[in-house]
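So the sequence lines, in the order shown, correspond to chains A and B.
Take any residue in the first sequence, note its place counting from 1, add 301, and you have its number in my numbering.
Take any residue in the second sequence, note its place counting from 1, add 1326, and you have its number in my numbering.
Since the hints were derived computationally from the structure, they do not count as laboratory data.
Please read these numbers as outputs of a predicted model, since none were measured by experiment.
Be aware that a few hints might be false.
Example chain A residues on the side facing chain B (calculated, C-beta under 7 Å, incomplete) [claimed, not checked]:
#1 324
#2 327
#3 335
#4 336
#5 353
#6 356
#7 454
Heads up, the beta-carbon is just placed ideally off N, CA and C, and yes, glycines get one too.
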Amino acid sequence: MISPKRPDKILLVEVSSLEKFLNNQFNSLYGFSYVLIPDELQASQVCLDSISSLLLEYKDLIKDFLENKDVSQEIKIHLHRFVYNLCKKRNVQLPALNVEQNNYMPFYELDIEKRSIIYLRDRSQFLLSEIEAIVDKRNYEIINSYELAKNLVQNKGVLYS
Amino acid sequence: MNEACIFSSNLIMAKKYPDTYSVLNKHLEACSLCQKEVERINENEISWFQVIPCPAPTEKIKSAAYQEIRELSHSLIKYKAPKKTSLKMRLKNLLKKS
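Throw the hints in and build the complete structure from the sequences for me.
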């Protein structure tokens, strides 16, 4: 818990700005989470668990945010990292989920790491260095996975179409 | 234009860096080889983005999540009761004022 040094009214305004920021992040986190675990409730729960992990583990970073320091991108990376790690664990525990969107079958047939890299790079527009931090891989491993995944999806896409 | 047109291999770079693109604009207008390459890249880009899903939460999920986020972020505010001043201190303050 962050003990308020300033009057509560000011802190309430700052916490509201944090709330607004986290609400904005939810949509992008949900998209990422859903492509890793294609289930609405599971994906939503993973996002909320990531937010609560962030609030518990990165108190200093949250404090910086509340003090209006520019740490939003750093928070975003940590949130995506939490989502990735949680999804990786839960994906093993969950039974195979049915993906109804046939158009995306080639994508969903990729492993969780490749799906993450494609989504983070081409949908979320993260930089390579940021993806490195999220999936905890070296840049050449990421580039290799990305190219391999792209080939697999495009080749399978031809088979499905 | 002949087939050894150097700009064809640089088109991807040009797409990423718009400044370079403006330099190549004049060449692009004249070179049919480059024009074909641009078309090919654009078609590939479009079909590639069509195979990547872009899921969005439903309104129901969003409102439930927002409620949860509200509770989580407001849990950061730790209530601190104002310090009670002792009777001795209050008397001292009163004496000072008088």
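So, going through the hints one by one against the coordinates:
1. Given the 7 Å rule on beta carbons, the hint for residue 324 of chain A holds: about 5 Å separates it from the nearest Cβ of chain B.
2. Because the smallest distance between the Cβ of residue 327 of chain A and any Cβ of chain B comes to about 5 Å, under 7 Å, the interface hint for this residue holds.
3. Taking 7 Å as the C-beta cut-off, the interface hint given for residue 335 of chain A holds, the closest approach to chain B being about 4 Å.
4. A hinted interface residue such as residue 336 of chain A counts as satisfied when its beta carbon comes closer than 7 Å to some beta carbon of chain B; here the least separation is about 6 Å, so the hint holds.
5. Because the closest C-beta pair between residue 353 of chain A and chain B is about 5 Å apart, less than 7 Å, the hint holds.
6. At about 6 Å, the closest approach between the beta carbon of residue 356 of chain A and any beta carbon in chain B falls short of 7 Å, and the interface hint on this residue holds.
7. A least Cβ separation of about 5 Å between residue 454 of chain A and chain B falls short of the 7 Å threshold, and the interface hint therefore holds.
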